[in-house]
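The sequence shown: position 165 = 165 (this note's numbering), numbered continuously.
Any given hint might turn out to be false.
Capping the alpha-carbon separation at 25 Å, the derived lysine-lysine pairs in PhoX-like fashion look like this [stated by the list, open to error]: (1) K39 / K53; (2) K39 / K49; (3) K39 / K108; (4) K74 / K39.
These are calculated hints, taken from the structure and not from any lab test.
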Amino acid sequence: MIRTQQKATGDDIWKSRVEKIGAELFTMTYGSFVAQLVKDYEDYGEVNKQLDKMGYNMGMRLIDDYLAKTGTGKCSDFRETAESISKFGFKIFLGVSPTVTNWSQDGKEFSLILDDNPLAEFVELPDAAIASDLWYSNILTGVLRGALEMVLMQVDVWFVSDVLRGDEVTEMRVRLVKYLEEEVPASED
1 MIRTQQKATG
11 DDIWKSRVEK
21 IGAELFTMTY
31 GSFVAQLVKD
41 YEDYGEVNKQ
51 LDKMGYNMGM
61 RLIDDYLAKT
71 GTGKCSDFRE
81 TAESISKFGF
91 KIFLGVSPTV
101 TNWSQDGKEF
111 SLILDDNPLA
121 EFVELPDAAI
131 ASDLWYSNIL
141 TGVLRGALEM
151 VLMQVDVWFV
161 SDVLRGDEVT
171 EMRVRLVKYL
181 EEEVPASED
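Please model the complete structure; the sequences and the hints are all you need to start from.
Structure below.
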């Protein structure tokens, strides 16, 4: 379990050590980005894939920033990883702390409930996007996959529900597939 001191540190990092841009600017920029993907691909399924892929690449780079800002070491188990994602990762980069809940009995799957999704501010999805399964914030699934892969965890991440689709809450599921082995690069001779 995350210690109280670490939670305070997550809040402190957000308040003092994170460069911020205006929330409205960020939200509108992301919205324009998604709209351009929809225009370019004309297929909501492909837009979901592209958002996930871009998020994955971002996550692989954001983990370094996350580790530098938090000074945290290796988590002892997947539950501690989940709490770190919620209390540090989302707080540092999005200014929100989702609730970690709905753990599977084997402790390898959980939900992140976003009470407030900054990506979804000022957004209303057209009926066609909802009917065609556009997950507007799908970039977040890729960010989590990429970041966790860099710390040697292969995970599956997907949206279960989204307020933009008329659901009561925005919920993401994270499933640990396996721990990865650290690969040592081949020596150059």
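Each hint tested on the structure:
Our distance criterion of 25 Å between C-alpha atoms is met by K39 and K53, whose separation comes to about 18 Å. For a cut-off of 25 Å, the pair hint linking K39 to K49 stands: about 15 Å separates their Cα positions. At roughly 37 Å between alpha-carbon atoms, K39 and K108 are farther apart than 25 Å, so this suggested pair is violated. A hinted pair counts as satisfied when its Cα atoms are at most 25 Å apart, and K74 with K39 does not qualify at roughly 41 Å.
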